[in-house]
Amino acid sequence: MIKVVDLHKSFAGHMVLKGINLELETGKITTIIGGSGSGKTVLLKHLNALLLPDRGGVLVDGKDIIKLGERDLNEVRQKFGVLFQGAALLDSMTLYDNVAFPLREKTKMSESEIQKRVEERLAQVGLASMGYKYPAEVSGGMKKRAGLARALAMEPEIVLFDEPTTGLDPLLGKSIHHLIGKMHATFGFTGVIVSHDIPEVFKISDRVAMLANGTIVEVGSTEEFVESNNPVVRQFLQKDIEGPLSVL
Amino acid sequence: MISLLGLIGRWTLEQLAGMGRMVRFLFSAFAWTFRPPPRFRLIVYHIKSIGVESLSVVLLSGVFTGMVMGLQGYYSLRKFNAESFLGSAVALGLLRELGPVLSAFMVTGRTGSAIAAEIGSMKVTEQIDALYSMAINPIQYLVSPRIIAGLISMPLLTAVFDVVGIYGAYLVGVGLLGVSSGSYFAGMESSVVFHDVWSGLLKSVSFGLIITWISCYKGFYAPPMATGVGQATTESVVLCFILILVWDYFMTSVML
Numbered sequence: 001m002i003k004v005v006d007l008h009k010s011f012a013g014h015m016v017l018k019g020i021n022l023e024l025e026t027g028k029i030t031t032i033i034g035g036s037g038s039g040k041t042v043l044l045k046h047l048n049a050l051l052l053p054d055r056g057g058v059l060v061d062g063k064d065i066i067k068l069g070e071r072d073l074n075e076v077r078q079k080f081g082v083l084f085q086g087a088a089l090l091d092s093m094t095l096y097d098n099v100a101f102p103l104r105e106k107t108k109m110s111e112s113e114i115q116k117r118v119e120e121r122l123a124q125v126g127l128a129s130m131g132y133k134y135p136a137e138v139s140g141g142m143k144k145r146a147g148l149a150r151a152l153a154m155e156p157e158i159v160l161f162d163e164p165t166t167g168l169d170p171l172l173g174k175s176i177h178h179l180i181g182k183m184h185a186t187f188g189f190t191g192v193i194v195s196h197d198i199p200e201v202f203k204i205s206d207r208v209a210m211l212a213n214g215t216i217v218e219v220g221s222t223e224e225f226v227e228s229n230n231p232v233v234r235q236f237l238q239k240d241i242e243g244p245l246s247v248l
Numbered sequence: 001m002i003s004l005l006g007l008i009g010r011w012t013l014e015q016l017a018g019m020g021r022m023v024r025f026l027f028s029a030f031a032w033t034f035r036p037p038p039r040f041r042l043i044v045y046h047i048k049s050i051g052v053e054s055l056s057v058v059l060l061s062g063v064f065t066g067m068v069m070g071l072q073g074y075y076s077l078r079k080f081n082a083e084s085f086l087g088s089a090v091a092l093g094l095l096r097e098l099g100p101v102l103s104a105f106m107v108t109g110r111t112g113s114a115i116a117a118e119i120g121s122m123k124v125t126e127q128i129d130a131l132y133s134m135a136i137n138p139i140q141y142l143v144s145p146r147i148i149a150g151l152i153s154m155p156l157l158t159a160v161f162d163v164v165g166i167y168g169a170y171l172v173g174v175g176l177l178g179v180s181s182g183s184y185f186a187g188m189e190s191s192v193v194f195h196d197v198w199s200g201l202l203k204s205v206s207f208g209l210i211i212t213w214i215s216c217y218k219g220f221y222a223p224p225m226a227t228g229v230g231q232a233t234t235e236s237v238v239l240c241f242i243l244i245l246v247w248d249y250f251m252t253s254v255m256l
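From first to last, the protein sequence lines stand for chains A and D. Numbering of the first sequence is given in my numbering, commencing with residue 1 and proceeding in unit increments. Numbering of the second sequence is given in my numbering, commencing with residue 1 and proceeding in unit increments.
Note that these hints are calculated values from the structure, not bench results. Remember, predicted model here, so these are calculated numbers, not experimental data. Think of the CB as a built atom: it goes at the ideal place given N, C-alpha and C, for glycine as much as any other residue. All the given hints hold, so there is nothing to weed out.
Listing some non-contacts, in silico: residues in chain A with all C-beta distances to chain D over 12 angstroms:
#, residue
1, Ser10
2, Gly13
3, Thr26
4, Gly56
5, Lys133
6, His196
30 angstroms max Cα-Cα, derived BS3-like pairs, lysine-lysine:
#, chain 1, residue 1, chain 2, residue 2
7, A, Lys108, A, Lys133
8, D, Lys48, A, Lys108
9, D, Lys48, A, Lys106
10, A, Lys18, A, Lys63
11, A, Lys3, A, Lys182
12, A, Lys133, D, Lys48
13, A, Lys63, A, Lys3
Construct all of the structure, not just a fragment, from the sequences and the given hints.
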C-alpha cells in the first residue's frame with residue numbers, strides 16, 4: 001500500500017502540489033489523470049522519492065520514504081519499476097543490456113540466469129529478436145516496450161508508468177495499454193499510471209484519481225469515476241473547453 | 001540604488017551557493033569511489049575514452065608545439081649566440097608549462113566537452129532519474145569512474161605530449177636549422193632536473209581532476225531543456241580553460 005499524505009511541492013515559488021492525499025491500493029492499477037502541467041509527473045516522481053516534497057510524506061508499506069537515508073531508500077526503490085515518459089533507456093547500451101542492467105547491478109544472478117530472464121522479458125513485450133539494437137535504432141513504441149521490459153526485469157511489487165502512450169499513434173497506444181494489462185495479470189504488481197489518454201486508459205485501470213489545481217479533485221473505482229458528477233471531472237471527460245478548469 | 005545592491009547581493013549569494021555545490025559534488029564523487037561495488041571496468045572504459053582516444057590529438061598538437069618552439073627558440077637564441085641551449089629551453093618550457101597546459105586544453109576540447117554533453121543529455125532524457133529509480137547512485141556510476149580515469153590518463157598524455165614536443169623541436173632545430181644533435185640533448189640533460197618533470201606531471205594530475213570534475217558537474221546540472229546540453233557543454237569548456245590557467249599560476253608560484 002502506498003499512501004500520499006498532505007504532499008506539497010513548489011518550483012521557483014510556483015505551487016504545483018497543494019496538499020495531495022491519496023491511497024494506492026496493493027495489486028490494483030490506479031490511474032492519475034489531469035491536464036497538461038497539472039503536476040501528474042511531479043506527483044509520480046514523489047512516489048519513489050525521485051523528487052522530495054516541501055511538506056508531507058509518502059508511505060510505502062508504512063515507511064515514510066521521504067525521511068529515509070540513502071541505503072534504506074535504495075532498498076525501498078528496489079520494490080519499484082519505472083517506465084519513464086521517453087523510456088529513459090541508457091543510450092550507450094543495447095536493449096538487451098538495458099534490461100539486464102538492474103539484474104547485473106542489483107542481484108547476484110549468474111549471467112545465464114540473467115540471459116534467461118532478459119530474453120523472457122523481451123519476448124513478453126514483443127522484442128524477442130531486437131535485443132542487439134541500440135535505443136537510437138528503434139522506434140518510440142519499441143523504446144517504450146523495452147522500457148517496460150526493464151521496469152519488470154526485477155519483478156517489482158510496484159510499477160510506475162509516466163504517460164506510457166504519449167507520442168504514440170492510437171493503435172500503438174492501445175497495444176501498450178494492452179501490454180500493461182497483460183503484464184499486470186501476469187505479475188500482479190501495484191500499478192500507478194499517469195496519463196491523459198482517456199477513455200482508453202480506463203480499460204486497464206481499477207481506480208482513477210484526478211489531479212487539478214494542485215489537488216486530487218476526485219478518486220474512486222473506474223466505474224464510479226466515469227459516473228462522477230464533479231463538474232471538473234465532467235468537463236475533463238467530455239473534453240469541454242468551457243468549465244471550471246481553465247484550459248488556456 | 002538599494003535594488004542594485006540587492007541584485008549584486010543575490011548574484012553573489014548564488015555564485016557562492018554554486019561553488020559550494022561544486023565542492024560538495026567533488027567530495028561526493030570521491031566518497032562514492034570507495035563504496036562498493038568497485039567500478040574497475042568502468043574506470044578502464046573511461047581511461048580508453050579520455051586517454052587512448054585523445055592520443056592522436058595530443059600527439060599532433062605536441063609535435064607541432066615542439067616544432068614551433070624549435071623555430072622560435074632557435075631565432076631568439078641565435079641573437080645571443082646561444083643556439084646550443086635550444087634543447088634545454090624547449091625541454092624546460094614543455095615539461096614545466098606547455099606540456100601540462102596544452103595537453104589539458106586538448107583533452108578539455110575533445111573529452112571534457114563530450115563528458116558534459118553526454119551526462120547533460122542523460123539528465124535531459126531522464127536517464128539519470130532512471131539510475132536513481134534502479135537504486136544506482138549516478139555519481140558513483142557516472143562521475144567517480146570518470147574522475148579516476150582523468151587522474152590516471154592526464155599525466156600519461158602529458159608525458160606523451162612532452163616527448164613528441166621535444167622530438168618536434170629536434171626535427172626543426174637539428175634537422176632543418178643545423179643545431180648540433182649533441183648540444184641539443186647535452187643541454188637538456190644538464191639543465192633538466194627531476195623536479196621539472198614531476199612538477200609538470202603533478203600539474204597534469206590536477207588538470208585531469210579539473211577537467212573531469214567540471215565537465216561532469218556541468219552535465220549533471222544541465223538545465224532540463226533542449227538548449228541545456230549545449231549550454232552545459234559551453235560553460236564546462238570555458239570554465240575548464242579558466243580554471244586550468246588560474247590553477248597553473250598558483251601551482252607554478254608554489255613549486256618554483
